[in-house]
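Trainee: What follows is each chain in one-letter form.
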Amino acid sequence: MSEMLTTLEETALSDYKYGWVTNLEADEAPPGLNEDIIRFISAKKKEPEWMLEWRLKAYRHWLKMSVPRWPNVTYPDVDFQAIKYYSAPKQAKTLNSLDEVDPELRATFEKLGISLDEQKRLSNVAVDAVIDSVSIATTFKEQLGEMGIIFCSMSEAIQEHPELIKKWLGSVVPVTDNFYSALNSAVFSDGSFCYIPKGVKCPMELSTYFRINAAGTGQFERTLIVAEEGSYVSYLEGCTAPQRDENQLHAAVVEIVALDNAEVKYSTVQNWYPGDKEGKGGIYNFVTKRGICAGVNSKISWTQVETGSAVTWKYPSVILKGDNSQGEFYSVAVTNNHQQADTGTKMMHIGKNTRSRIVSKGISAGFSQNSYRGLVQVGKNAVNARNFSQCDSLLLGDKCGAHTFPYIEVKNSTAKVEHEATTSKIGEDQIFYCNQRGLDTETAVALIINGFAKEVMNQLPMEFAVEAQKLLAISLEGSVG
Amino acid sequence: MGNFQIFKFSNYMLSIKNLQARIEEKEILKGINLDIKPGEVHAIMGPNGSGKSTLASVLAGRSDYEVTGGEVEFNGKDLLEMSPEDRSREGLFLAFQYPVEIPGVSTTNFIKTAVNEIRKYRGEEPMDAVEFLKRMKEKMKLVEIDQSLLSRSLNEGFSGGEKKRNEIFQMAMLEPSMSILDETDSGLDIDALRIVAEGVNKLRNGKRSFLVITHYQRLLEYIVPDYVHVLYKGRIVKSGGKELALELEEKGYDFIKEELGESVEA
Numbered sequence: 001m002s003e004m005l006t007t008l009e010e011t012a013l014s015d016y017k018y019g020w021v022t023n024l025e026a027d028e029a030p031p032g033l034n035e036d037i038i039r040f041i042s043a044k045k046k047e048p049e050w051m052l053e054w055r056l057k058a059y060r061h062w063l064k065m066s067v068p069r070w071p072n073v074t075y076p077d078v079d080f081q082a083i084k085y086y087s088a089p090k091q092a093k094t095l096n097s098l099d100e101v102d103p104e105l106r107a108t109f110e111k112l113g114i115s116l117d118e119q120k121r122l123s124n125v126a127v128d129a130v131i132d133s134v135s136i137a138t139t140f141k142e143q144l145g146e147m148g149i150i151f152c153s154m155s156e157a158i159q160e161h162p163e164l165i166k167k168w169l170g171s172v173v174p175v176t177d178n179f180y181s182a183l184n185s186a187v188f189s190d191g192s193f194c195y196i197p198k199g200v201k202c203p204m205e206l207s208t209y210f211r212i213n214a215a216g217t218g219q220f221e222r223t224l225i226v227a228e229e230g231s232y233v234s235y236l237e238g239c240t241a242p243q244r245d246e247n248q249l250h251a252a253v254v255e256i257v258a259l260d261n262a263e264v265k266y267s268t269v270q271n272w273y274p275g276d277k278e279g280k281g282g283i284y285n286f287v288t289k290r291g292i293c294a295g296v297n298s299k300i301s302w303t304q305v306e307t308g309s310a311v312t313w314k315y316p317s318v319i320l321k322g323d324n325s326q327g328e329f330y331s332v333a334v335t336n337n338h339q340q341a342d343t344g345t346k347m348m349h350i351g352k353n354t355r356s357r358i359v360s361k362g363i364s365a366g367f368s369q370n371s372y373r374g375l376v377q378v379g380k381n382a383v384n385a386r387n388f389s390q391c392d393s394l395l396l397g398d399k400c401g402a403h404t405f406p407y408i409e410v411k412n413s414t415a416k417v418e419h420e421a422t423t424s425k426i427g428e429d430q431i432f433y434c435n436q437r438g439l440d441t442e443t444a445v446a447l448i449i450n451g452f453a454k455e456v457m458n459q460l461p462m463e464f465a466v467e468a469q470k471l472l473a474i475s476l477e478g479s480v481g
Numbered sequence: 482m483g484n485f486q487i488f489k490f491s492n493y494m495l496s497i498k499n500l501q502a503r504i505e506e507k508e509i510l511k512g513i514n515l516d517i518k519p520g521e522v523h524a525i526m527g528p529n530g531s532g533k534s535t536l537a538s539v540l541a542g543r544s545d546y547e548v549t550g551g552e553v554e555f556n557g558k559d560l561l562e563m564s565p566e567d568r569s570r571e572g573l574f575l576a577f578q579y580p581v582e583i584p585g586v587s588t589t590n591f592i593k594t595a596v597n598e599i600r601k602y603r604g605e606e607p608m609d610a611v612e613f614l615k616r617m618k619e620k621m622k623l624v625e626i627d628q629s630l631l632s633r634s635l636n637e638g639f640s641g642g643e644k645k646r647n648e649i650f651q652m653a654m655l656e657p658s659m660s661i662l663d664e665t666d667s668g669l670d671i672d673a674l675r676i677v678a679e680g681v682n683k684l685r686n687g688k689r690s691f692l693v694i695t696h697y698q699r700l701l702e703y704i705v706p707d708y709v710h711v712l713y714k715g716r717i718v719k720s721g722g723k724e725l726a727l728e729l730e731e732k733g734y735d736f737i738k739e740e741l742g743e744s745v746e747a
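Going line by line, the protein sequences match chains E and V.
Reminder that position 138 of the first sequence reads as 138 in the numbering used here, one-by-one numbering, no gaps.
Reminder that position 32 of the second sequence reads as 513 in the numbering used here, one-by-one numbering, no gaps.
Bound-form chain E, shown alone (with noise of 0.2 Å):
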């Protein structure tokens, strides 16, 4: 058995595909974090007063917050004064098209896999790329202008659409909301905002591609999808950084709004660095991200296989507040070497018929730690409120951690709220069989978890479902891919 260990442990370690570094010219902020600060950030951006005031409201309301404690992740405490909260690279001047795109930028999502070129596209994929602080490029704007369909950095939005900012921007996740939100909500730099009209069901994905490049920097990226009455968008989110061996700070808040019988569909790809196989390095990745089914009939999915980072912790939640509502979080967190994290997600029933679906696969390896933590909240008015959830835990090898935190609180009898959990591991026997059909190891255990989380992968678009396939044996495997 402890030979079998082994080669599982040896096949486990895996080599970080994206870990290099472009050479990009910088226009970056000092270390460290105050109220200038949060001016010059603000400056830069040519934002509006109230934009700023926003920003500093923000601030001061996280000088008198604590860092959370109750994860189960343990980690050095960040220095907030050490990190450069922004940095853009250097472009000569405003872009009129994406052909004035910086090559080396270009190269840069060329060699991450993405097109930046609307002609060379092959999927229905629009792209919004953002590299350390700043949106880079938007693809596919002008088509779906034609429908009405706004999708454009958050910089742009907040330029070009204020009242579609002051009304919906911290709607969702209130500047107030905890720690981290209130950080970003201070020093937010870009991010994507997509507005969707009545009536309007966008007819490609939207994306957006994240990408932290300079040393020393934090990103905080804020993403707003407004989906008006009867509309419907599938948003894909996919991220990459670096390999260093400073831990990078990523503090994001996602805000979805699904107004009466419209749907949005969020998916992502999380990649970041994850460290290596020490556990020196890899991003901090602490998110906010919440969905309001706020009408009547209005659906929100969310869809996350995450990889990456040294430590996570996020619970991209949905609150049903609109009668016959419904919320889903499928998930598959993989947790290698030394990582730790802490995911899950919150359904927090309003409205009367509402119905969630919670389906959580974990994977641990190596010394990780992988923690499924769930809230199911039913409301004293949410008649006939539904839930069921489903948290499977898959172990490989025997120093690493699974772990599962639900909570359900019940406040309508009518409520029905079904919980299961399984825990396993990869048997050397399935091993065995595989290899005796002429899988080596390494394909044997791509087969077998993707097996393990095929019903969350079968929930990404189909443009995703190969990629984060492939992820998933690279994050677990020596040398597949």
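Hints are computed from structural coordinates only; laboratory data are not their basis.
Treat the hints with care, as some may be off.
Said to hold, decoys possible - Short derived list, chain V residues pointing at chain E, Cβ under 8 Å:
hint: 1; residue: P565
hint: 2; residue: F577
hint: 3; residue: Y602
hint: 4; residue: G604
These figures come from a predicted structure and were not determined experimentally.
From the three backbone atoms N, C-alpha and C, an ideal C-beta is built for every residue, glycine too.
Guided by the hints, dock chain V onto chain E, whose structure is given.
Mentor: Frame of chain E; chain V shown alone:
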């Protein structure tokens, strides 16, 4: 003769010489000798605990067992030097006594992966979808297996008979040169047994070899072996033609013990 080394290529598919193996500290195989030519069907019979399944596992390369002596040549290559997956890729197939379940992986997908891994090893392109489906259909008929079973997760919730049939189906798909059937008959009713046996018989083509491990003579009524060997306490103590199986059935294993001069327990 001149002073040069002669490489002797045996005409055996599988040649086992004085094979010894143990699990933890327990000696199980104590010197097995067995030669199988292409196209031959050999049966290994023996009482419980004689080492039958151990022999199958050692040949397939299960790491729980430690080979402590002897040699095994497979198609002219040193079998014991190869990893379990290379043994498979070289054409050795084991139909498991207890096939494992792999949730979320369809049988079709699993077999496709296996077929292509083996092709890759042989420097061949992956099998195209049309050809694969054609082969699937053909082999499904062979073992009377249902399409719906193949789209389900591998062996998950399969009955005992379905699992065994699935093993033979995989064997048919992979077209191995040497197949080892480890108590494939155990837990099968007579109809399932006949289907499995017929599946095997249809794969016999004068080139493929089979090693059929069984406790009972029953299976050998359907898969008629060329040779029968009796395994007892880690050694082959008696070999003969197919009639030996009948003799064992009639007299029970006690007659072997008597022949070996052991006292027969009541």
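Trainee: For each hint, tell me whether it holds in the structure or not.
Mentor: A quick look at each hint next to the structure:
Because the closest C-beta pair between P565 (chain V) and chain E is about 4 Å apart, less than 8 Å, the hint holds. Interface hint status for F577 (chain V): upheld, as the beta-carbon distance to the closest one in chain E is roughly 7 Å, under 8 Å. A cut of 8 Å between beta carbons decides the hint on Y602 (chain V): the least distance to chain E is about 7 Å, and the hint holds. Using the Cβ-Cβ criterion of 8 Å, the hint placing G604 (chain V) at the interface with chain E is not satisfied: the shortest such distance is roughly 14 Å.
This entry does not satisfy hint 4, going by the numbered hints stated previously; all others are met.
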